[in-house]
Amino acid sequence: MKVDIAKEVDEIASRYSRESGNLIPILQEAQEKFGYLPEEVMQRFARFLRLPESTVYGVSTFYAQFKLTPTGKTLVKVCRGTACHVRGGARILREVEKRLGIKPGETTSDLEYSLETIACFGSCALAPVMVIDKNVYGRMTTTKVGQILAETK
Amino acid sequence: MDAIRLTIDGQEVGARQGMTVLEAAQSAGIYIPTLCADPDLEPYGACRLCVVEIEKMRGLPTSCTTPATDGMVVYTNTPAVNEVRRTTIGLLLSDHPSECLICDRKERCQPFDICLRNVVVTERCVTCPKNGHCELQEVVDYLGITEIPFRRTTKSLPVDDSNPFFYRDLNKCILCGKCVRVCDEVLGVGAVALTYRGYASLVATFGDKPILDSNCVSCGECVAHCPVAALMPKKAELPTEEVATTCVYCGVGCGIYLGTRDGQIVSVRGRRDGTVNNGLLCVKGRYGFDFVHHRDRLKTPLIKKKGKFVKASWGEALDFVASKLKGYKSDEVAVISSAKCTNEDNYIAQKFARAVLGTNNVDHCARLCHASTVAGLGATFGAGAMTNSINELRDAGCILAIGTNTTEAHPIIALEMKRAVDKGAKLIVANPREIDLVRWSYLWLRHQPGSDVALLMGMMKVIVDEGLIDQAFIDERCENFDAFKKSLKGFDLDFVERTTGVPKDKIAEAARIYATEKPSALLYAMGITQHSHGTDNVIATANLAMLTGNIGKPATGVNPLRGQNNVQGACDLGALPNVYPGYQAVADANIRKKFEAAWGCSLPSSSGLTITEMIDAAGNKKIKAIYLIGENPLLSEPDITHAREALEKLEFLVVQDIFLSETAKLADVVLPGASFAEKDGTYTNTERRVQRVRKAIEPIGDCRPDWWITCEIGKGMGGKGFDFDRPSKIMDEIASLTPSYGGISYRRLEGSGLQWPCPTKDHPGTPILHTQQFTRGKGRFIPLEYKPPMELPDKQYPLVLTTGRSLYHFHTGTLTRRVEGLNVLKGEGTVEIDPEDASSLGIADGEKVKVISRRGEVVARAKVTEVSPPGVVFMTFHFAESPANMLTNPALDPVAKIPEYKVCAVRIERV
Ligand code: SF4
Ligand code: SF4
Ligand code: SF4
Ligand code: FES
Ligand code: FES
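Sequence lines, in order, name chains A and B.
Count the first sequence with the working numbering and you get residues 3 to 155, in order.
Count the second sequence with the working numbering and you get residues 1419 to 2329, in order.
Hints are supplied without guarantee of correctness; some may be wrong.
To be clear about the criterion: a stretch of chain B counts as covered by chain A if any three or more of its residues have a C-beta under 8 Å from a C-beta of chain A, and this derived list gives those stretches [what the hints assert, rightly or not]:
id, stretch
1, 1603 to 1616
2, 1620 to 1630
The following label-pair restraints were derived from C-beta to C-beta distances [unchecked claim]:
id, chain 1, residue 1, chain 2, residue 2, range
3, A, Leu113, B, Leu1588, 31 to 37 Å
4, B, Pro2253, A, Phe64, 29 to 35 Å
5, A, Arg49, B, Arg1916, 24 to 30 Å
6, B, Glu1501, A, Gly23, 36 to 42 Å
7, B, Ala2262, A, Pro27, 44 to 50 Å
8, B, Arg1679, A, Cys122, 43 to 49 Å
Every beta carbon over 10 Å from chain B, so not counted as near; a handful from chain A, in silico [what the hints assert, rightly or not]:
id, residue
9, Pro27
10, Phe64
11, Leu77
12, Glu118
13, Ile150
These aren't lab readings, by the way, just hints derived from the structure by calculation.
Beta carbons: idealized from backbone N, C-alpha and C, even for Gly.
Make the full structure from the sequences, and use the hints.
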C-alpha cells in the first residue's frame, strides 16, 4: 500500500477508539477523503478495529451510501435502447470506450471519467443519445464524440 | 440445572433452564424443521422455519430463539405454522436448484435416468453430491411441498473451486449464515460475511474474491456445517465404516473418525464426545491424510547393495540388521526414536536399546523442541509437562501466551483461547512477531527475540515491588524464595526496557494483569524453549506462576504446548538417555534393579548421549551404527550440513519410516513402518492425556507396525521379553513398570482417554498437576540472570533470523508435503521481512533472495510484511528446498542441550 494512503488512513483512525461500533463513521470519513472505499483502505481499518476484513466488506456493501469503486469527475452515459441501437448507438459506445480507454462500469485511472450505459433515456427522437453529467447530446456521430469530450475537459 | 417442564404437541417434556424451545423439543425427539439453528452457534433466528405456536404468546415465535419456560404449551405442527414455513421455503426455493425437490418421482429417480420434466442437470438433486443427506430436502419432505408459488429465478454464479479441499457453489446457498457464523464465532477467522442485501445478498469474502485469496485457513468447519451442497468437500465419497482414532499432526491430539471404503481412507470427521477438540479440526486434521495412500509409501524393506536400494524380504532384512548390530559394542550404537510413533513403539524402542543393545544412547526429537521444558519444569515443579488441561483455559481471567504462535502450531488450543477472550479473559501476547493472536490480545508485548528472561523477570520485579505476590502460597508451598528475590535486583525496568524493547509501562501493566486477574494461565511453546538459555526461560515462567500462586488450581498453570503428536508420550515412555519410562532415573540403582528384574537382563548405569551428541559422536566415529525410527534429522537438526557429514561417516544406518526421507536415503537398510491408520496404539497429547489410536485399514504393501519391527530385531539378537502379539499387552507391561501410567489399560482408554498421573486401576486420572503439593515436594524458586543469545547481529550479519511453523505443514514435511492440497495453500518456504528492511535492501515482495548465516545459505522467496519487526526475519523449517536449518545455530543450552533455533544472525542478498 502506498505510504501516503496509509498515513491518511492512520490519521483518520487516530481520532477513533478501536471499537467495532466506530466502523461506519470511519468508513464515512474515508469515503469523503478518497471519494470511494479502496480495498487497501478497508483492510487497514479492519486491522485497526480488529475486525475480519470480510465484515468490513459486508457493511460497506450493505449500505448504498458506500462506493467500492471510484467514480470519475465526469459521468458519461451512452444509451443502448432499441431506438438508439438502430441508429448506431453501439458505434458511439465503441468510440467513447476507445477514446476514454475504459469499458462501461469503469473509471479512468486519472479519475476524470466514468462510463455507464443506460437502457433508454426517453429521448428516442434524438437517437442516438449520449449524456454527460446532466447534458443530453442527441443525433450523435462518432466525430461528434471527440469534439464533445474535448469540450468537457 | 433447574428442571422445567413444558408440553410440546401434547407430550410432557422435561428441560433444563436456559434451553430454547427448540432444544427442549429436540431432546424429547420431537422434530422441528430448522435451517439456521446449530448447536455450535448462538441462536440466530433468521430462516423462520422453526416457528411454533405457544399458548399465551402472540404471533409465531421462532423456537430456536425462544427460551423454554416452566408450564409452556407449544404446538409445532399446526396449519398456521406450516403455512409460514411453506411460504418461507417457497421463497428460498425460488432461486435454488429445486426441480427434483418437488418432483413426485424423486424417490425412484437415478442420476442417469431420463428426466421426464426435461430439467437440466444443474437443477437436479439426483446429480447433487448432497443428495440424500441434505437438510433442505429433509425440510421440504416434512412440509410436503410439491410446487413453488413464486417466479423462478436463477443465480448462475461461477463456482469457486480455488480452495484445494472444497468447492463453493453459491447457486445452492440458502443464506442460512452458518458458514459466516462458524468462521467468525467459532474460528475467529471471519473469512466470509453476508454482503449486499435483499435479493442480491451473497456470502462473500473480502472484495468478493476467490476464497483462496482470502484469510480463510481452510479448516473446513464451514463445509461441515453447511446444510446444503453450497460448500462441499472436493473429495465427497461417503465412508462405509468409521473408526475413532487420534489425529497425528500435533500435540493437541484431536479426536477424529477416519472413514473408509474398500480399504481406503475416504473421509475425516471431528469427534465430539470426550475429546479436546469437540468436533473441530484444523486443515491438517481434516484434509491432511492423503499421505497414507501416497504412491511414495515404502512398501518393502530395502537393503543398499553397491550404493543402490534393492528390495528385500522381511526375513532377509531383519536377519541382516540383527547380525550387523550384534557386531558393535554397546557404546558404539544408538537408537533414535520418534515423537510421531505410538507410546508402545517408543517403549519397545528404548527397551531394545537398553536391554538388547545394552546402551542408554536413546533419544528422540523432543531434545530439539522441549528438552528445556523437561529440565526447567523438572527443577522447579518436579514434572516437565503441561500442568493444566486445555478445556480449562476458557475459564481463565488472564492468559499469558509467550513464544507460541498458537493459531498456526496448535490451532484447536487457539480456539479455546479465543473462547476465553470472548468470555472476558485478558489475553497478553508476548511475541516479536505480529502473530494472529495479537488480534485477540488485550496487550501485546513485542520483545526482542531472545529477551524472554529479561521480560519475565521485569514483570516479576513489578509484582514483588507492588506487593502483588501470593505470600501465603509462597510460604506454604515453595522454597528458595529469598535467593530468587535477590536475583530480581538485576532487572530494574530501565534495563528491561532497553533489553526487550518493550516500554516499561506496558511491562508493568502486563505484570499487574497477570497477578491480579486470576486465575491466570501461562502458555508457551518453542519460542521459549529453543534458545541457548531455554532452560532459564522455562524456569522464569515457573517462577512467575509460583510467585502469584497461579499453579495447582483450575485455569492456571505453566503450560508448554508440545509440538509433535506424541512428543509427550515419547518422553514419558523413556525414549531419553537418562531416564526409563515415567522419568525414573537410570542412575538410581533401585530403579535400575526393578527394570533389570522385569526385563531379565543387566542394564547400563550411566546416561547415554542426546540426539545432538549422537550426531557429533557419529562425526568423530565414536558412534558407528544408528537405528533411527521415524525421524528426519537432515531437516530438523540445526546446521544440517554438519549433520549430513556426520551421518555419512556411520558404518551402519538403519532407518525405519513410512517414506524415503532425506535421511533414509543415506541408510544401509530401510524398513517400512505402518502409518497411524494401519496400527493400534496410544498417543499422549500435550495435556498428558493418553488416547487410543485405532487401526482403520490394513498395512500398505508389506509394511509393519514399528513395535513389531523392533521386537523382531530384538528377538533376532537374542533379546528376551519381545514376544508381544498386540500393543495392548505392551501397554500392560508399561503400566506394571511406570507408576504414572500404572492404572492405564486399553479397556480404560475407551471414551476420552486418561490423563497421567494415573497410578492405579481405579484412579480417574489427573487433569491438574501440583494441586496439593508439587511433584518434587516444594516448588523451587530459581534465581536467574539475563544471558543474551549466543549469536547477535553484527555488521556482517545484521539481521536476526527466527524460525517457526506454518499451519499447513508439519515438522519436516515428510507427511504434509505429500498432501497436494496443503502445498497449494503453502507450497514453498518464504522469508518474511519488514517493509523498511526490504526497501533498504531493494527487495520486492515475492522476489527470490539468498539468506546467509555463518553456517550456510538458502534461497527463498521474500514476503514483505509488517508481521516481523524491523531487523528480524522469519522462516519456516518444513521445506527441503529452502531448509532454514542450514542457517540455524547449533549452540546448545548447557542444561537441556537444546539448540538455539530461535535466534541466529543472517544477512539477506538479492539473487
Ligand atoms: S474453511 Fe474455515 S477459515 Fe475457511 S471460510 Fe470455512 S470456516 Fe472460515
Ligand atoms: S454457504 Fe452453506 S452454510 Fe453458508 S450461508 Fe450458504 S447455505 Fe448456509
Ligand atoms: S489441531 Fe492438531 S490434532 Fe487437531 S486437527 Fe489440527 S493438527 Fe490435528
Ligand atoms: S432455525 Fe430458527 S430461525 Fe432458523
Ligand atoms: S426432476 Fe424429477 S425426474 Fe428429474
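Item to check | Violating hint indices (sorted, rising) | outcome: 7, 8, 10
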